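Start from the sequences and build out the full structure, keeping to the hints where you can.
Here the protein sequences line up with chains A and B, keeping their order.
Heads up: the first sequence begins at 1 in the working numbering, then just goes up one per residue.
Heads up: the second sequence begins at 1001 in the working numbering, then just goes up one per residue.
Simulated from the structure, these hints should not be mistaken for lab results.
Keep in mind it's a predicted model, so treat the numbers as computed, not measured.
Treat each hint with caution, since some may be false.
[Stated by the list, open to error] Negatives, chain B to chain A, calculated, CB over 12 Å:
#1 Gly1016
#2 Asn1032
#3 Leu1044
#4 Ser1057
#5 Gln1062
#6 Lys1094
[Stated by the list, open to error] Derived list of chain A stretches under chain B, where covered just means 3 residues or more per stretch with a C-beta under 8 Å from a C-beta of chain B:
#7 40-47
#8 97-110
Quick reminder that beta carbons are idealized off the backbone N, C-alpha and C, glycines included.
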Amino acid sequence: SQQGEEDPQALSIQEGENATMNCSYKTSINNLQWYRQNSGRGLVHLILIRSNEREKHSGRLRVTLDTSKKSSSLLITASRAADTASYFCATDGWNNYQLIWGAGTKLIIKP
Amino acid sequence: SQTIHQWPATLVQPVGSPLSLECTVEGTSNPNLYWYRQAAGRGLQLLFYSVGIGQISSEVPQNLSASRPQDRQFILSSKKLLLSDSGFYLCAWKAPQNEKLFFGSGTQLSVL
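Pasting the structure below:
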C-alpha cells in the first residue's frame, strides 16, 4: 500500500522560480526520504530527514518535516531546466527492509 | 565505490514467453536487494526483497519469482509472461544498517 501521497501530482514553473512539493503519510515514521527520477531512469536519493528533525538543507534543496501533521515538504530554490523530473517521498515501513512510496510529483521547469 | 548493474535496458517479449532480468551489485557485501515495478507515471510497487542468499520475500502475488543465487546477484523471472507484466522494473540495494536506497537504471519491459 502507498503511505506517502505527494501533492501536487504535477507542477510546471518557470526557470528561476521556487518549486514546492508536499508529501503526507499515515503512520508514525523514523525517517522520510526524497528521491528524484529522470524520465526512464532509476531513482536517485536526494535527502533524508529523521523524525526528530524539523528542517534539513542540501544545496538548493530544503526539506521540512511536521510529524504532528504527518507531512513533509521539498523546496527547490532557483529552479533549473535540469530539475525537470519526478520527485518521490518514501517513509520507512513496518520493518527495516522496506520503504513505502508515494505516487510522485512530476516537475517541469520551463526555460 | 559501490555500483549496481541492471540489464537489459529494454525488452520486448511475446505473451507466454519466459523472462529473466538480472541485477548485480559491486563494492559491497550482504546488501539488501529489491525488485520494484513502476507503471507509467506512477509510484513504485515492491515486488520482492532479499536480506541474504536464498532468502526471498514476496510482496505481491503474481506470476513472477525472484532468486538470489549469490550475495550480490538478484534475478527476476517468469515462466510465462502476461500482458499485465509490462512496466518499468527497477532493481535497488541498500546496506542493512542504512536507510538509503541505490537504484539501477531500470528495464522497460513490453509484453505484446
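Each hint tested on the structure:
| no. | hint | in the structure |
| --- | --- | --- |
| 1 | Gly1016 | holds, 26 Å |
| 2 | Asn1032 | violated, 6 Å |
| 3 | Leu1044 | violated, 4 Å |
| 4 | Ser1057 | violated, 8 Å |
| 5 | Gln1062 | holds, 16 Å |
| 6 | Lys1094 | violated, 9 Å |
| 7 | 40-47 | holds (count 6) |
| 8 | 97-110 | holds (count 8) |
Of the numbered hints given earlier, the model fails hints 2, 3, 4, 6; all others are met.
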